[in-house]
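Turn these sequences into a full structure, and let the hints steer you where they fit.
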Amino acid sequence: MSQNGVHILIFPFPAQGHILPLLDFTHQLLLRGFKITILVTPKNVPILDPLISTHPSVEILVFPFPGHPSLPSGVENIKDVGNSGNTPIIGGLRKLRGPIVEWFKAQSNPICDFFLGWTLDLAQEVVPGLYLFLIFGRILRLYKDLGFVEFNGLPKSPRFVREHLPSVFQRFIEGGDPDWEIVRNGLIANGKSFGSIFNTFEVLESEYLGFLKKEMGHNRVQKLLTKAQMEALTIGLEKSGVRFILVAKQLTAQQEEQDFGSVSKGFEERVLGRGLVIKGWAPQVEILGHRAVGGFLSHCGWNSVLEAIVAGKLILGWPMEADQFINTWLLVDNMKTSIRICEGSDSVPDPMELGRKISEAMSSDLFKERAKKMSNEALEAVKIGGSSKRDLDSIVRDSKNGVHILIFPYPAQGHILALLDLTHQLLLHGFKITVLVTPKNVPILDPLISTHPSVEILVFPFPGHPSLPSGVENIKDVGNSGNAPIIAGLSKLRGPIVEWFKAQSNPPVAIIYDFFLGWTLDLAQEIGVPGIVFYGVGALLISIFFDVWKNIEAYKGLGFLEFNGLPKSPRFVKEHLPSVFLKFKEDDPTWEIVRNGFIANGKSFGSIFNTFETLDSEYLGFLKKQMGHERVYSIGPINLVGGPGRNGKCDDNANEKIFTWLNECPNESVLYVAFGSQKLLTKAQMEALTIGLEKSEVRFILVAKQLTAQQEEQGFGSVPLGFEERVLGRGLVIKGWAPQVEILGHRAVGGFLSHCGWNSVMEAIVAGVIILGWPMEADQFINTWLLVDNMKTSIRVCEGSDSVPDPIELGRKINEAMNNDLFKKRAKELKDEAYEAVKIGGSSKRDLDAIVTELAQLES
Numbered sequence: 001m002s003q004n005g006v007h008i009l010i011f012p013f014p015a016q017g018h019i020l021p022l023l024d025f026t027h028q029l030l031l032r033g034f035k036i037t038i039l040v041t042p043k044n045v046p047i048l049d050p051l052i053s054t055h056p057s058v059e060i061l062v063f064p065f066p067g068h069p070s071l072p073s074g075v076e077n078i079k080d081v082g083n084s085g086n087t088p089i090i091g092g093l094r095k096l097r098g099p100i101v102e103w104f105k106a107q108s109n110p111i112c113d114f115f116l117g118w119t120l121d122l123a124q125e126v127v128p129g130l131y132l133f134l135i136f137g138r139i140l141r142l143y144k145d146l147g148f149v150e151f152n153g154l155p156k157s158p159r160f161v162r163e164h165l166p167s168v169f170q171r172f173i174e175g176g177d178p179d180w181e182i183v184r185n186g187l188i189a190n191g192k193s194f195g196s197i198f199n200t201f202e203v204l205e206s207e208y209l210g211f212l213k214k215e216m217g218h219n220r221v222q223k224l225l226t227k228a229q230m231e232a233l234t235i236g237l238e239k240s241g242v243r244f245i246l247v248a249k250q251l252t253a254q255q256e257e258q259d260f261g262s263v264s265k266g267f268e269e270r271v272l273g274r275g276l277v278i279k280g281w282a283p284q285v286e287i288l289g290h291r292a293v294g295g296f297l298s299h300c301g302w303n304s305v306l307e308a309i310v311a312g313k314l315i316l317g318w319p320m321e322a323d324q325f326i327n328t329w330l331l332v333d334n335m336k337t338s339i340r341i342c343e344g345s346d347s348v349p350d351p352m353e354l355g356r357k358i359s360e361a362m363s364s365d366l367f368k369e370r371a372k373k374m375s376n377e378a379l380e381a382v383k384i385g386g387s388s389k390r391d392l393d394s395i396v397r398d399s400k401n402g403v404h405i406l407i408f409p410y411p412a413q414g415h416i417l418a419l420l421d422l423t424h425q426l427l428l429h430g431f432k433i434t435v436l437v438t439p440k441n442v443p444i445l446d447p448l449i450s451t452h453p454s455v456e457i458l459v460f461p462f463p464g465h466p467s468l469p470s471g472v473e474n475i476k477d478v479g480n481s482g483n484a485p486i487i488a489g490l491s492k493l494r495g496p497i498v499e500w501f502k503a504q505s506n507p508p509v510a511i512i513y514d515f516f517l518g519w520t521l522d523l524a525q526e527i528g529v530p531g532i533v534f535y536g537v538g539a540l541l542i543s544i545f546f547d548v549w550k551n552i553e554a555y556k557g558l559g560f561l562e563f564n565g566l567p568k569s570p571r572f573v574k575e576h577l578p579s580v581f582l583k584f585k586e587d588d589p590t591w592e593i594v595r596n597g598f599i600a601n602g603k604s605f606g607s608i609f610n611t612f613e614t615l616d617s618e619y620l621g622f623l624k625k626q627m628g629h630e631r632v633y634s635i636g637p638i639n640l641v642g643g644p645g646r647n648g649k650c651d652d653n654a655n656e657k658i659f660t661w662l663n664e665c666p667n668e669s670v671l672y673v674a675f676g677s678q679k680l681l682t683k684a685q686m687e688a689l690t691i692g693l694e695k696s697e698v699r700f701i702l703v704a705k706q707l708t709a710q711q712e713e714q715g716f717g718s719v720p721l722g723f724e725e726r727v728l729g730r731g732l733v734i735k736g737w738a739p740q741v742e743i744l745g746h747r748a749v750g751g752f753l754s755h756c757g758w759n760s761v762m763e764a765i766v767a768g769v770i771i772l773g774w775p776m777e778a779d780q781f782i783n784t785w786l787l788v789d790n791m792k793t794s795i796r797v798c799e800g801s802d803s804v805p806d807p808i809e810l811g812r813k814i815n816e817a818m819n820n821d822l823f824k825k826r827a828k829e830l831k832d833e834a835y836e837a838v839k840i841g842g843s844s845k846r847d848l849d850a851i852v853t854e855l856a857q858l859e860s
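With the UniProt record's numbering, the residue at position 335 of the sequence shown is 335, and numbering never jumps.
Read the hints as simulated data drawn from the structure, not as lab findings.
Heads up, some of the hints might be wrong.
As the list claims (entries may be wrong) - Derived SDA-like pairs: lysine to any residue, alpha-carbon spacing no greater than 20 Å straight-line:
id : residue 1 : residue 2
1  : Lys-265   : Ala-709
2  : Lys-265   : Ala-253
3  : Lys-657   : Glu-725
4  : Lys-585   : Ser-569
5  : Lys-214   : Glu-257
6  : Lys-657   : Arg-747
7  : Lys-657   : Ala-709
8  : Lys-585   : Pro-178
Given below as structure tokens:
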């Protein structure tokens, strides 16, 4: 089917987790013949390379990043500043409104990330509706000072401690900061968008997709472990007796000084043959997809959750921050498909208990079966007839080619990747795409651009922010503390974006923006186009977001927050809510931007989630009710339908070592251990982890980040000396990046000890492996609750960013998890559900088709 002339503008938030799912969606739109323009700033252009190489017709709309006083010069992506940069980046991007409006007016239909809620106002100024691609899930309201937040208005009434809500809420500052007003107003504005597209699928989040449709009134909808945590984790893995792959970040000297943990010395030797440590980047998707992998111990970030689901692996959740607690709740408490093994960015699990949990989880046939079933659902969702494929295809029906979309990603890897996956899908459907990024985020677009050379990159200088170091344009450079200033900084792009829109002869007819950029909704409304928010996370998280942001005063002073209005009334200690809530400062201009942006997301034309019905059905339904419409879409696991640019840097020799080792392992015997792209373990955590892995007697792969001298000085932990020798043959340590998806997908992998960041959760689900959760921050506690308490498909082995698990207990948990046939069965069932969701007739395929059809009907 051709859609000549239908032009969509994609506006991703400059964060990998936001951008990638949105670019995947764009890929689907391009496949359906839409004309796509992606709006990005210069440094985010490289992220588009894979999409552009696949879809040369995609147009990249590049605006200089306006900057923000609190952002270092040159920062245009969350990866450069961490989550603390969200607010200034949002605030900075908001300054693009004028240029975007001018560009629109000079053109002959935009999609934005949910962090860019202000885009909705812009869209309404230039075109009729704005689609918001909701990357994180379905949560966007704040309850201030409550210890527990219970979302009684959501399906199953999820309840979280406040500290388990995403940090964007916890960091919201009281005090009239315009940056946070941009963030807040933008996120709130997303709820008024024309439609919402989610990187999720019906089986995973149908309740919350449904909730969002009702809520909106329509149907469009980088973690380092501390040394103590790393120690507890490695001890737990060692004690678990389970085969594992541990991905450990390479720490800088500064990170080591900051008490972040590397893999303990001797750990790799002790688990040799049973565990593998990857130091640095790991091919997570490939690992999860390997036949040997049966579980995924993860932070339960949404991307990881979806990758695990696609792989059909049991998720062992350790949520630490952001959406991870909510994602974990969805998987553990709601879906009963995962296991929570730890919780909290500061929590250090008992190594022996962690090992036990890992062992039990990886030995649970029930949870493995559930993971595989969920994986099947995810795959079905993106197949022909699947829910995600259906929703995407329905958007392009009876439409014409050339529809121009502006994509506005948030500059953080966890955001950008999912949004770029969506963008890739839009490009594959023939949309004209312009991606808006700031200069330093342009390279992130390289994979997209190489796949889709037609993508237009719109680069605006990052406006900067007073609280950001000069040159910072991505969260990776400042950590999660940079979210608020980055959001606020990006919000300054509103004017330039509006001006750009006005200068276009064929302006985008919609903006798809990251949910961190909720201020984009206001921009979209100013332009007169639909603002669609993209959530690279789950519907449960966003349901909590909405609840907390709208009721922040009611939650003041509470130690526990019980969300009785949500399905199953999830309950969390306040510290487990995303830090954006905990750090919120009322009347602070920066935090007002953040809060208003999140709230604005609920007013977006539509919401797009990187989830699927089986995982999130209650909360999808809840969000539909809350939003008052049916434009709440679940199109995940977005990594299942594909998108360029997910591969990191891992040399061929390292890959060969990893997969040669995995090929020699029995099926579902290996525990993959990784905590996302940003989290560093403290020395105590790393020691506990390595001891736990060693005591677990489970095969494992441990991904340990390469620490800098500063990180070592800060107390972050590396793999202990002697560890690799002690686990030689049983454990493998990867220092640096690891091919997580590929590892999780290997037949030998049966579990994933994770922080339960959403991306990791999704990857584990796709792989059909058990998730052993150690949530630490952001959404990880919520993600873990979803997996452990709700879905009953994962196991919680530790909790908290500062928690140090008892090594022996960690090892016991690992051993029990990896030998838990029930959990393995549940993980496989969840995988099946995920695959079904993306098949023709599946919920995610259906929603993806619906998005394409909706966008195709927009006229410039």
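Hints, verified against the model:
1. Distance check on the hinted pair: Lys-265 and Ala-709 sit about 16 Å apart at the alpha-carbon level, within 20 Å; holds.
2. The suggested pairing of Lys-265 with Ala-253 holds, with an alpha-carbon distance near 16 Å, which does not exceed 20 Å.
3. Straight-line distance between C-alpha atoms of Lys-657 and Glu-725 comes to about 16 Å, which keeps the hinted pair within the 20 Å bound.
4. At most 20 Å may separate the alpha-carbon atoms for a hinted pair to count; Lys-585 and Ser-569 exceed this at roughly 27 Å.
5. Using a Cα cut-off of 20 Å, the hinted pair Lys-214 and Glu-257 is violated, with the two alpha carbons roughly 49 Å apart.
6. Of the supplied pair hints, the one linking Lys-657 and Arg-747 holds, its CA atoms being roughly 16 Å apart against a limit of 20 Å.
7. Taken as a hint, the Lys-657 and Ala-709 pair is broken in the structure, with Cα atoms around 27 Å apart against an allowance of 20 Å.
8. Straight-line distance between C-alpha atoms of Lys-585 and Pro-178 comes to about 11 Å, which keeps the hinted pair within the 20 Å bound.
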